[in-house]
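Q: So the chains spell out like this:
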Amino acid sequence: MFPRPIEQASAPSRIAYQVALPIVLILWLLPLIGVAITSVRPSSDLAAGNYFGVPSYLAFENYLDVFRNSPIASYILNSFKVTIPTMIGAVALSCLTGFALGIYKFRANIFVFFLFVAGNFVPFQILMVPVRDLTVNMGLYNTSLGLILFHVAFQTGFCTLFMRNFIRALPFELIEAARVEGVAEWRIFWFVVLPIMRPAIAALSVLIFTFIWNDYFWATVLTTGASTQPVTAGLYSLNGQWVAAWHLVSAGSIVAALPPVMMFFLMQKHFIAGLTLGAVK
Amino acid sequence: MPTAVVPPRSSNRSWWRQNQQWLTPWLFLAPGIAMFVLYVISPIFQSFWLSFYDWDGLGEATWVGTGNYIELFDDGAFYTSLWNNVLWLVLYMLAVPAGLGIAIFLNQTVRGIRLYKSLFFFPFVISQVVVGLMFSWFYAPNFGLFYKLIEWMTGTGVAILADPDLVTYGIIAAGLWPQIAYCMILYLTGLNNVSPDQIEAARLDGARGFRMLWYIILPQLRPATFIAVVVTVIGALRSFDLVSIMTDGGPFGSSRVLSFYMYEQALSEYGYRMGYGAAIAVILFMIMMVFISGFIWKMVRDEKEGY
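Taken in sequence, the protein lines are chains A and B. If you're matching positions, the first sequence starts at 1 in this note's numbering and goes up one per residue. If you're matching positions, the second sequence starts at 1 in this note's numbering and goes up one per residue.
Just to be clear, a hint being listed does not mean it is correct.
Lysine-lysine pairs mimicking BS3-like chemistry, simulated, CA-CA at most 30 Å apart [claimed, not checked]:
#, chain 1, residue 1, chain 2, residue 2
1, A, K105, B, K298
2, B, K148, A, K269
3, B, K117, A, K269
Keep in mind the hints are simulated off the structure, nothing from the lab.
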């Protein structure tokens, strides 16, 4: 193990490490802690210049305020409407493509694979005008479906990379055995491979959920107005309305950040496994 | 009993028998490829094409040849954006060593370390929009924590986001926060897989501290470093959210980056200039292409070795 385990070190350095850990953590999360405290600070405190002291009371009414006087609830609902179908669509498509690229040997295999990988790296701006145009022409501008279709297509690149590598690492004898038995290919996919892909599916779902929930660029390009905009784009316009009302901005930010944060803490193992896949090959 | 060959039930079926072998993978690929071509591959070519036109997004597009690119050549705002992109690229790279540093700091087995690791990773899970708002608050003149800190140390506070010379650095710092967290998690996983035998052997040979890190650990972390560099380069060139949410490109357009400038030109309030925007996007794409081809080249090489 590197560095040398701290248990083997002298008593003073052990204690120093234990003391340093929380201090470094607090410094690291300072912006977050600041915003979290501001979100429960009554507006009277801010007016009186009490920016850093202990809040005179815990003003959870800021959160109520945000929900009552802004369309944030509808923004959040819109985010779910985009995020969950995208998650399902992208994972489903990439199970198929990953299976094809991971199992079959054909000449174009590596070319198709790297097409997905490369497409996944391009800057969004090169897609922006044509995708917006396409969405408008299909009559899907400012609808959840318009956003979902684009997200599914784009995320398929990353998901294919992920699924294909996962399937490559499976024992190939399993598939060979099924073939010898004369099982049809689609049945091999459905009954043999899909069940063992469960951890990969879980990891991808968590990752895609976070990516799509946090997307801001496409939300501003393909939607407008509180009826369809997801919460990231919504926060931008709310930030414009709440000029210097930092207790509201903070509460709104915390609310918007909550779903992916909860997802992360509930599914931590899968999340990390997904992110670091390929980093340790 | 006479032996009878069962005749194929229909010609359709036998065609399937004959071609099943090569057709199967393509059937599995079809939906994914169709979506990807429609929404990712063909728009790239359309953007190239569009960059030779003058188009407001509604009426007829007029062919202007290289007109958009010639205009870019004399556009001061374009150079500002380009320069800021270079700054982003260079400074964003700090995330890689910083992430490694934190990973080494946290790679212990004391009580509660798992929770510490998760909390350190936290910034990456939060949307960049929220990160941007947090740092706007952090930098806010007169009461922001950072402003106060500078005021306390030097006597006068600095309003980072209102200062054309400092604003980009302020935004990059905000961007580094989640990016460092990402690199950290990559390295933590990498450190987990470093071979203990090699470390023990090196320790017996008297390798310690930095020499150990440089000669024994880092070579084994190479896959993690590769991914960390890839995601950091892409993150730097994709920077849009933070610029949009923290400054909207200001003050006086001094914090624009290419991705933001493109958006501004193509969908600005003062009329859509889709062709000009596409030209900017093409330049950004070319810059990205240099890196993408490098990454792909390395991945293809590894792939050939691996199988």
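Q: Against each hint, give a clear statement of whether it holds in the structure.
A: Consistency of the hints with the structure:
Restraint check for K105 (chain A) and K298 (chain B): the C-alpha separation of about 21 Å stays at or below 30 Å, so the hint holds. For the hint linking K148 (chain B) to K269 (chain A), the alpha-carbon distance of about 39 Å lies beyond 30 Å, and the restraint is violated. Between K117 (chain B) and K269 (chain A), the direct Cα distance comes to roughly 12 Å. Compliance with the 30 Å bound is thereby established for this hinted pair.
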